[in-house]
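**Student:** Each chain, letter by letter, is given below.
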Amino acid sequence: MTRVVWLAALLLAWAGVVRAQPVPERVVSADGAVTEFVYALGQGERLVGVDTTSRYPEAVGRLPKVGYLRALPFEGVLALRPDLLLTTEEAAPERNLMRLENAGVRVVRLPVAWTLAQVRERIRRIGQTLAAEPEAERLIQNFDVRLQAVEADIRHRGASPRVLFLLVAGSHQLMVAGANTAADALLDILGADNAAGAMEGYKPASREALIATRPDAIVVAEASAGQFRVSDWPELALLDAWQRERVYVGDSMFLLGFGPRLPEALEAVNAVLAP
Amino acid sequence: MQSSRLSPRFPGQLLDPAGRLRFGASLALVVALAVVAALVSISSGAYPISVTDMLRVLAGQPGQDAAARLVLMEVRLPRFLLGFLVGAVLAVSGAILQGLFRNPLADPTLIGVSSGASLAAISVIVLGEALLGHWLHLAETWALPLAAFAGGSGTVFLAWKIARRAGQVSVATLLLAGIAINAIAMAGTGLLTFHANDEQLRSLTFWTMGSLGHAAWHDLVVAGPWLLLALLMAQTLATPLDAFLMGESVVGHLGFDTERVKRRAILVAGLGVGAAVAVSGLIGFVGLVVPHLVRQMAGASHRTLLPICALAGGSLLVAADSLARVVVAPAELPIGLMTALIGGPFFLVILLRMNVS
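Going down the list, the protein sequences come from chains Y and F. Numbering-wise (the working numbering), the first sequence opens with residue 356 and increments by one. Numbering-wise (the working numbering), the second sequence opens with residue 965 and increments by one.
Read the hints as simulated data drawn from the structure, not as lab findings. Quick reminder that beta carbons are idealized off the backbone N, C-alpha and C, glycines included. Any given hint might turn out to be false.
Stated by the list, open to error - Residues of chain Y clear of chain F, computed beta-carbon distances all greater than 12 Å: (1) Ala-472; (2) Arg-584; (3) Ala-623.
Claimed, not checked - Below, simulated SDA-like cross-link-like pairs (lysine to any residue); rule was C-alpha separation at most 25 Å, straight line: (4) Y:Lys-558 to Y:His-527; (5) F:Lys-1125 to F:Ala-1151; (6) Y:Lys-558 to Y:Gln-582; (7) Y:Lys-558 to F:Leu-1156; (8) F:Lys-1125 to F:Leu-1110; (9) Y:Lys-420 to F:Glu-1038; (10) Y:Lys-558 to F:Ile-1148; (11) Y:Lys-558 to F:Leu-1155; (12) Y:Lys-558 to F:Leu-1165; (13) Y:Lys-420 to F:Ala-1304; (14) Y:Lys-558 to F:Asp-1162; (15) Y:Lys-420 to Y:Pro-379; (16) Y:Lys-558 to Y:Gly-581; (17) Y:Lys-558 to Y:Gly-605; (18) Y:Lys-420 to F:Ala-1032; (19) Y:Lys-420 to Y:Leu-452; (20) Y:Lys-558 to Y:Tyr-603; (21) Y:Lys-558 to F:Thr-1172.
Work out the full structure: start from the sequences and follow the hints.
**Tutor:** Have a look at this one:
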């Protein structure tokens, strides 16, 4: 009996320690989607720095930039005196992350989130880390409500539409999104087939291959508004999907960030999938 | 016939008093530069540290700020030492190759060190996951530098083998072989770039622009001995390289083992630059520009050129690195960008002045 009491006491003490993780007040967020989530959870005030992939919402413009998340500088991050570095598994170099931990910065690296379940899990993790669990649950609920219409569409769709997903890279280069890309994951959620699914990763598009894909719909992700001009790619305009206006052109971070705007992105793409 | 020793009783033109004065003045200047570069490098960075804290940490007393100690001792100090060694090796290798090829355009890229090292390093970045599996975490610390080192010195060795006919190395063939190997390595790099995914693409782009941003004592332990060895070996080449200035045939007539001199020069460049690239990525322009600058200042004799190049190259790289971490703080610029940005215009000024005179 006493042993059970001891054990319970120990467990309680341990739980206390876990809970006692102080609420971070100075947060550096190194990932565009993670930064968006921090703002969506109403915790933007705590950010003291972001990486260069964080470009939304506009408020991030005022924050110091610590560089690209795969080349995080040790001193630069430490100089912002953060108590938390919130980032993803993509962050690098490993050594600088280790040194930040040694310098007393808590480093939280979130796993990739390319499915709805993973995105929900990510929101929960961020909520826990920032002691904003109620906000996280509310955000997830909003997600689920918004997605109901899209999910109904998916259920009632007959054959999966074939979608060509393009990424504008520079002024005269289009990349086709193949398998194992965020674009492919987005199409997967929507129950659509990737017309370029036989390829791996993002590959430069050849004009002939574009025509050969014969997609039912086209999605174009551009880094800045107005970057994509169909006049540069006349063969796209010849495609059936283009003529029937089953085309969506949108911001790449909006479409592929898998952040809080994911439901809107899914709705936008879903709208051009319906026959 | 030929002596087997590297530098036999070569009388050597002893520096005349004016030359000695010039050497002394240049040496004093670069030593002063090195000291300034060291001070700037230790005291600049995104993390603010007060002078008193800095002195306290450097004196070994416990400072107020534990993070300041970490920044100074574990980041800035190894970064400064590594940067200085890398800069010194790049500049000295450039000087040696320019002397060996008697070509002012020669630099370590020319004999394939850099392209070979890039090909190997980028292979690790792109294929690492497939090759190393769950040992991938070793890639950043071990596999990448080792591959870069092996790739860099390996290509040089290959070029040297190709240029070797009947025990003699044709310097012209070495140069051409270097160019061809460069082209092949570039094609390989291009192929890997095509296969790379987004993250790998960014990683390899950053690697090709060079960085000292992750420098730690570990790098000094691993690469330091090679870099030092290359620097020391380089100094033994000074006298025979002076003979090279008068033409390759003169070298033999003066009693040097020509082939041995070439072999050692290639070895120094291959090992030294291979090790440098392994820990800092590709850093251009130092090997090309610094020897030219120093020649203008201290004259062409390698006995003065090489030590001054080492100090000047180290100082330049350290200064460039200090700038790289301050200009866009808290982010950092790749150092290869910095050296090209400083070195390019400098080089043009030299060219213009040479045209005038």
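**Student:** Checking the smallest CB distance to chain F, is Ala-623 (chain Y) really beyond 12 Å?
**Tutor:** holds (22 Å)
**Student:** Compare the distance between the alpha carbons of Lys-1125 (chain F) and Leu-1110 (chain F) with 25 Å, and conclude whether the hinted pair is satisfied.
**Tutor:** Within the cut-off at roughly 22 Å; holds.
**Student:** With a cut-off of 25 Å on the C-alpha distance, tell me whether Lys-558 (chain Y) and Asp-1162 (chain F) pass.
**Tutor:** Cα-Cα ~10 Å, so holds.
**Student:** Can the restraint linking Lys-558 (chain Y) and Thr-1172 (chain F) be considered satisfied, given a maximum Cα separation of 25 Å?
**Tutor:** With Cα atoms ~21 Å apart, Lys-558 (chain Y) and Thr-1172 (chain F) stay inside 25 Å; holds.
**Student:** Taking the closest pair, is the beta carbon of Arg-584 (chain Y) still more than 12 Å from chain F?
**Tutor:** holds (23 Å)
**Student:** Measure nothing beyond the straight line between the CA atoms of Lys-420 (chain Y) and Ala-1032 (chain F); if it is 25 Å or shorter, mark the hint as holding.
**Tutor:** holds (21 Å)
**Student:** Would the pair Lys-558 (chain Y) and His-527 (chain Y) pass a check requiring their Cα atoms to be no farther apart than 25 Å?
**Tutor:** holds (14 Å)
**Student:** Decide if the proposed pair is consistent with the structure: Lys-558 (chain Y) and Leu-1156 (chain F), CA atoms, cutoff 25 Å inclusive.
**Tutor:** Given that 25 Å is the threshold and the Cα spacing comes to 12 Å, the pair holds.
**Student:** Is it the case that Ala-472 (chain Y) keeps its Cβ farther than 12 Å from each residue Cβ in chain F?
**Tutor:** holds (23 Å)
**Student:** Taking 25 Å as the top limit, are the C-alpha atoms of Lys-558 (chain Y) and Ile-1148 (chain F) close enough?
**Tutor:** Since the Cα atoms of Lys-558 (chain Y) and Ile-1148 (chain F) sit roughly 22 Å apart, the hinted pair holds (cutoff 25 Å).
**Student:** Holds or violated: Lys-558 (chain Y) with Leu-1165 (chain F), Cα cutoff 25 Å?
**Tutor:** Judged against 25 Å, a Cα distance of about 12 Å means the pair holds.
**Student:** Taken at face value, is the distance from the CA of Glu-1038 (chain F) to the CA of Lys-420 (chain Y) at most 25 Å?
**Tutor:** It holds: about 23 Å lies between the C-alpha atoms, which stays within 25 Å.
Of the numbered hints stated above, none is contradicted by the structure.
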